[in-house]
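J.: Assemble chain B with the ligand onto chain A, guided by the hints.
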Amino acid sequence: MPTLTPIEAVDAAIAEEMRRDSTVLMFGEGTATKRHALLEEFGARRIRNTPLAEGIIAGTAVGAAGCGLRPVIDLLFAPFLCYAMDELVNSAGKLRYLSGGQFSFPLVTLAMTGGGWGVGAQHNHNNEAWFVHSPGLKVVMPSTPADFKGLLKTAIRDDNPVLFFMDIGLLYQPGEVPDGEHLVPLGQAAVRRRGGDVTLIAYGKTVHACAQAAETLAGEGIAAEVIDLRTLKPLDTVTIVDSVRKTGRLVVAHEANRLCGVGAEIAALVAEQAFAALRAPIVRLGGPDAPAASSYPLEQACAPSAEAIAAAARRLMRA
Amino acid sequence: MTRPASENELPQLYEQMLLIRAYEEKIVEASAAGKVPGTCTSVGQEAAAVGVVNALGGADLILTNHRSAAHLIARGADPGRLLAEVMGRSAGYCQGKSGSLHISVKELGVVLTSTIVGAELSLATGVALAQGMLGKPGIVVCFFGDGAACEGAFHESLNLASVWNLPILYVCENNQWQAFVHRRETMRRDHVADWAVPYDIPARTVDGNNVEAVLAAARAAAAEVRASGRPFLLETYTYRSRGHFEPDDQAYVDPAERAAWAARDPIAACRDRLLATGRLTASQDAALADKVQSRIAVALAFAEASPYPALSEMTTDVYA
Ligand SMILES: Cc1ncc(C[n+]2csc(CCOP(=O)(O)OP(=O)(O)O)c2C)c(N)n1
Numbered sequence: 001m002p003t004l005t006p007i008e009a010v011d012a013a014i015a016e017e018m019r020r021d022s023t024v025l026m027f028g029e030g031t032a033t034k035r036h037a038l039l040e041e042f043g044a045r046r047i048r049n050t051p052l053a054e055g056i057i058a059g060t061a062v063g064a065a066g067c068g069l070r071p072v073i074d075l076l077f078a079p080f081l082c083y084a085m086d087e088l089v090n091s092a093g094k095l096r097y098l099s100g101g102q103f104s105f106p107l108v109t110l111a112m113t114g115g116g117w118g119v120g121a122q123h124n125h126n127n128e129a130w131f132v133h134s135p136g137l138k139v140v141m142p143s144t145p146a147d148f149k150g151l152l153k154t155a156i157r158d159d160n161p162v163l164f165f166m167d168i169g170l171l172y173q174p175g176e177v178p179d180g181e182h183l184v185p186l187g188q189a190a191v192r193r194r195g196g197d198v199t200l201i202a203y204g205k206t207v208h209a210c211a212q213a214a215e216t217l218a219g220e221g222i223a224a225e226v227i228d229l230r231t232l233k234p235l236d237t238v239t240i241v242d243s244v245r246k247t248g249r250l251v252v253a254h255e256a257n258r259l260c261g262v263g264a265e266i267a268a269l270v271a272e273q274a275f276a277a278l279r280a281p282i283v284r285l286g287g288p289d290a291p292a293a294s295s296y297p298l299e300q301a302c303a304p305s306a307e308a309i310a311a312a313a314r315r316l317m318r319a
Numbered sequence: 001m002t003r004p005a006s007e008n009e010l011p012q013l014y015e016q017m018l019l020i021r022a023y024e025e026k027i028v029e030a031s032a033a034g035k036v037p038g039t040c041t042s043v044g045q046e047a048a049a050v051g052v053v054n055a056l057g058g059a060d061l062i063l064t065n066h067r068s069a070a071h072l073i074a075r076g077a078d079p080g081r082l083l084a085e086v087m088g089r090s091a092g093y094c095q096g097k098s099g100s101l102h103i104s105v106k107e108l109g110v111v112l113t114s115t116i117v118g119a120e121l122s123l124a125t126g127v128a129l130a131q132g133m134l135g136k137p138g139i140v141v142c143f144f145g146d147g148a149a150c151e152g153a154f155h156e157s158l159n160l161a162s163v164w165n166l167p168i169l170y171v172c173e174n175n176q177w178q179a180f181v182h183r184r185e186t187m188r189r190d191h192v193a194d195w196a197v198p199y200d201i202p203a204r205t206v207d208g209n210n211v212e213a214v215l216a217a218a219r220a221a222a223a224e225v226r227a228s229g230r231p232f233l234l235e236t237y238t239y240r241s242r243g244h245f246e247p248d249d250q251a252y253v254d255p256a257e258r259a260a261w262a263a264r265d266p267i268a269a270c271r272d273r274l275l276a277t278g279r280l281t282a283s284q285d286a287a288l289a290d291k292v293q294s295r296i297a298v299a300l301a302f303a304e305a306s307p308y309p310a311l312s313e314m315t316t317d318v319y320a
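Residue numbers (my numbering), protein chains in the order written: chain A, 1 to 319; chain B, 1 to 320.
If we strip away everything but chain A, and leave its shape as in the complex, we get (with noise of 0.2 angstroms):
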């Protein structure tokens, strides 16, 4: 298997998307002079830069792609989503509802988030719960090479607006990557380790600190079940509510704000679905209500740590 980054892995699932269906192409600030591999291999007019303007951007994506084409679009750092929030939210979202099924938008956003490079809270907000609450988009955000390039290839031949969050913690480490046709599908989970004492359940980089956790838990005797999530719309509801019914206990974990995040909405679930089977409450850790500083050691203590999630699932033992 080769081994590739999260960007690499990204450059090679749309090259090979864009090989089998002629109507994908990307544009975005500064697309064409950053990935030239795919200027040079699919030319201007299916790699373009475009003017700095956001909201032109989706816009125009969102009418080529409910009008017959693919497009992704790459708009840098997820606070900029906001700028195309209209087009995103209001359009993207609505119009195949409101005009009664006759148009659909497969389209892609990219977008990078999350804390690590130290570029403050108008560049790192990990605003994914946003769009989850938005009807009518998909919300993916992978943890591994193998499913940037998997769960990418899906989104771009999905029929529906798909937002496609990279975690910057990740993207310059490598990792393998199956070759040839790989496919994640949307809406699935992975459950990167079995364990029946306590579920651990993240995406992006926390899933990282999970994984390490349960590393920690195992020596002193807890199994920690750890889910990735992958997609958080849609959200996998049996994976995550056949675990909690096996363990009892629940950490979930993500670096976005707590308030109204996804593991609010993980914690609910729960509680409706698995009530019976908790045996101590559930924990949620997550940013605080703060936008993300720039300095260093603030920035780096937004995001749940492997011993704030360790130190959490022990708590749950002994309740």
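Rather than coming from a laboratory, the hints here were simulated on the basis of the structure. All C-beta atoms, glycine included, are put in the ideal place defined by N, C-alpha and C. Be a bit skeptical, because a hint or two may be false.
Mimicking SDA-like on lysine to any residue, the simulated pairs with C-alpha atoms at most 25 angstroms apart in a straight line are [as the list claims (entries may be wrong)]:
hint, chain 1, residue 1, chain 2, residue 2
1, A, Lys34, B, Ala276
2, A, Lys94, A, Trp130
3, B, Lys35, A, Gly169
Over the 10 angstroms line for every Cβ pair with chain A, so calculated as not near, a few chain B residues [claimed, not checked]:
hint, residue
4, Arg89
5, Lys106
6, Val117
7, Ala130
8, Ala148
9, Cys150
10, Glu151
11, Gln176
12, Glu185
13, Ala220
14, Ser283
Just the calculated beta-carbon pair ranges, DEER-fashion [as the list claims (entries may be wrong)]:
hint, chain 1, residue 1, chain 2, residue 2, range
15, B, Gln250, A, Gly43, 20 to 30 angstroms
16, A, Asn90, B, Ser90, 40 to 50 angstroms
17, A, Asp86, B, Asn159, 11 to 21 angstroms
18, A, Arg279, B, Asp317, 35 to 45 angstroms
19, A, Ala311, B, Asp290, 51 to 61 angstroms
20, B, Gln250, A, Arg45, 18 to 28 angstroms
21, B, Asp190, A, Asp159, 36 to 46 angstroms
22, A, Leu259, B, Gly135, 47 to 57 angstroms
23, B, Ala32, A, Ala37, 22 to 32 angstroms
24, A, Asn90, B, Gln250, 49 to 59 angstroms
25, B, Pro255, A, Ala37, 38 to 48 angstroms
26, B, Ala262, A, Arg45, 48 to 58 angstroms
27, A, Gln300, B, Ala32, 19 to 29 angstroms
28, A, Asp21, B, Lys35, 21 to 31 angstroms
T.: Frame of chain A, contents of chain B with the ligand only:
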């Protein structure tokens, strides 16, 4: 009302430009060594910043963006506190929470700095509205790039400022680049000044690499804003000599373009004029270079000695 740069002004402008360049070059060096985070430097654009800022009065308010060091230093910001901010230290102007990209210094009238491209243009209308309604003196100066002019916010801002008669001096620093895209690829015309016309806003383009020309044009423009109470757009035509963000190999930049602009370096040009007219001697020039270098060395030492903010700062200043 409008004065050209006087005899004794030019050496001061020159020294400010030297200080800015020394500051930026220190960051380039220290970030390459991994000691300081990379920044969007203003190298090559010093004259545009120094010329405009020196044309303003103390009551005027400035909005800037991610590429702010030249504006801030020209306005009198302390390089030590700026560096501390870039390094995320508690002695920084924003307690280290900003880093390099959104440095506001309210005490200097540099307000609401944002790195969302176009945000400064949205906010400037409100700043000018508040100034007027609160009866405060001072016009509002909004620095933005040619890239920002492509955001809808630019057009919405100019339209509203014109309709509401807001005293805003829009200063477009047309440095030819919009991150990794040349403005040729994103705009049909060479000049953002042309885009002010349909909004009934007077506009002018000036050689942004000639500090005296910028100062004179900015004085005239500011005087017009003060007299009319209406917006004006001044475009400083200049060049981003380094990459978008440090480090950046600029592999995407045409070497001929870089060379042509390097030959028009604003600091070298100013030095040549000062030396040729006898307003500066070679030894005075060398002394100035030493002076700014030692100021920057002190600044870096100050920043390095400043602690990181305490973790308890993570959730302070979120709400008023
Ligand atoms: C809304 C938004 N989109 C994209 C970016 C990323 N970005 C930061 S600066 C920049 C280029 C800005 O170009 P310009 O306005 O010409 O200013 P310059 O950097 O040349 O000074 C880009 C694309 C951003 N910060 N905000």
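J.: Compare the structure with each hint and give your call.
T.: Status of each hint after checking the structure:
Restraint check for Lys34 (chain A) and Ala276 (chain B): not satisfied, since their Cα atoms lie roughly 44 angstroms apart, outside the 25 angstroms limit. Proposed proximity of Lys94 (chain A) and Trp130 (chain A) is supported: the alpha carbons are some 15 angstroms apart, at most 25 angstroms. Proposed proximity of Lys35 (chain B) and Gly169 (chain A) is supported: the alpha carbons are some 20 angstroms apart, at most 25 angstroms. Chain A draws Arg89 (chain B) into its interface by the beta-carbon criterion, the shortest separation being 7 angstroms against a cut-off of 10 angstroms.
For Lys106 (chain B), the condition that its CB be more than 10 angstroms from all CB atoms of chain A holds, with the nearest at approximately 18 angstroms. The beta carbon of Val117 (chain B) sits about 6 angstroms from the closest Cβ of chain A, which is not more than 10 angstroms, so the claim that it is off the interface is violated. With a closest Cβ-Cβ approach of about 22 angstroms to chain A, Ala130 (chain B) is found to remain outside the 10 angstroms limit, as its non-interface label requires. With a minimum CB-CB distance of about 7 angstroms to chain A, Ala148 (chain B) fails to clear the 10 angstroms threshold, and the non-interface call is violated.
A beta-carbon of chain A comes within 10 angstroms of the beta-carbon of Cys150 (chain B); the shortest separation is about 4 angstroms. The claim that Glu151 (chain B) is not at the interface with chain A is violated, since a C-beta of that chain comes within 10 angstroms of its own (minimum 5 angstroms). Every beta carbon of chain A lies more than 10 angstroms from that of Gln176 (chain B), the smallest distance being close to 13 angstroms; the non-interface claim holds. The claim that Glu185 (chain B) is not at the interface with chain A is violated, since a C-beta of that chain comes within 10 angstroms of its own (minimum 5 angstroms).
Ala220 (chain B), annotated as away from the interface, keeps every beta carbon of chain A farther than 10 angstroms; the closest lies near 29 angstroms. Listed as outside the interface, Ser283 (chain B) is consistent with that label: its C-beta sits roughly 42 angstroms from the nearest C-beta of chain A, beyond the 10 angstroms cut-off. At about 24 angstroms, the beta-carbon gap between Gln250 (chain B) and Gly43 (chain A) stays in the expected band of 20 to 30 angstroms. With their beta carbons about 42 angstroms apart, Asn90 (chain A) and Ser90 (chain B) fall inside the hinted range of 40 to 50 angstroms.
Range check, Asp86 (chain A) to Asn159 (chain B): about 18 angstroms between beta-carbon atoms, so the 11 to 21 angstroms window is met. Hint check: Arg279 (chain A) to Asp317 (chain B), Cβ distance near 40 angstroms, so the stated range 35 to 45 angstroms holds. For the hinted restraint 51 to 61 angstroms between Ala311 (chain A) and Asp290 (chain B), the CB-CB distance of approximately 55 angstroms keeps it satisfied. A C-beta distance of roughly 26 angstroms is found between Gln250 (chain B) and Arg45 (chain A), which places it inside the suggested range of 18 to 28 angstroms.
At roughly 42 angstroms, the beta carbons of Asp190 (chain B) and Asp159 (chain A) sit within the given window of 36 to 46 angstroms. The given range of 47 to 57 angstroms is broken by Leu259 (chain A) and Gly135 (chain B), whose C-beta atoms sit roughly 40 angstroms from each other. For Ala32 (chain B) and Ala37 (chain A), the Cβ-Cβ distance of about 27 angstroms falls inside the hinted range of 22 to 32 angstroms, so the restraint holds. Range check, Asn90 (chain A) to Gln250 (chain B): about 39 angstroms between beta-carbon atoms, so the 49 to 59 angstroms window is missed.
Distance hint check: the CB atoms of Pro255 (chain B) and Ala37 (chain A) are about 22 angstroms apart, inconsistent with the given range 38 to 48 angstroms. Distance hint check: the CB atoms of Ala262 (chain B) and Arg45 (chain A) are about 35 angstroms apart, inconsistent with the given range 48 to 58 angstroms. The hint said 19 to 29 angstroms for the Cβ distance between Gln300 (chain A) and Ala32 (chain B), and at roughly 23 angstroms that hint holds. For Asp21 (chain A) and Lys35 (chain B), the Cβ-Cβ distance of about 47 angstroms falls outside the hinted range of 21 to 31 angstroms, so the restraint is violated.
Hints 1, 4, 6, 8, 9, 10, 12, 22, 24, 25, 26, 28, counting from the list given before, are not met by this structure.
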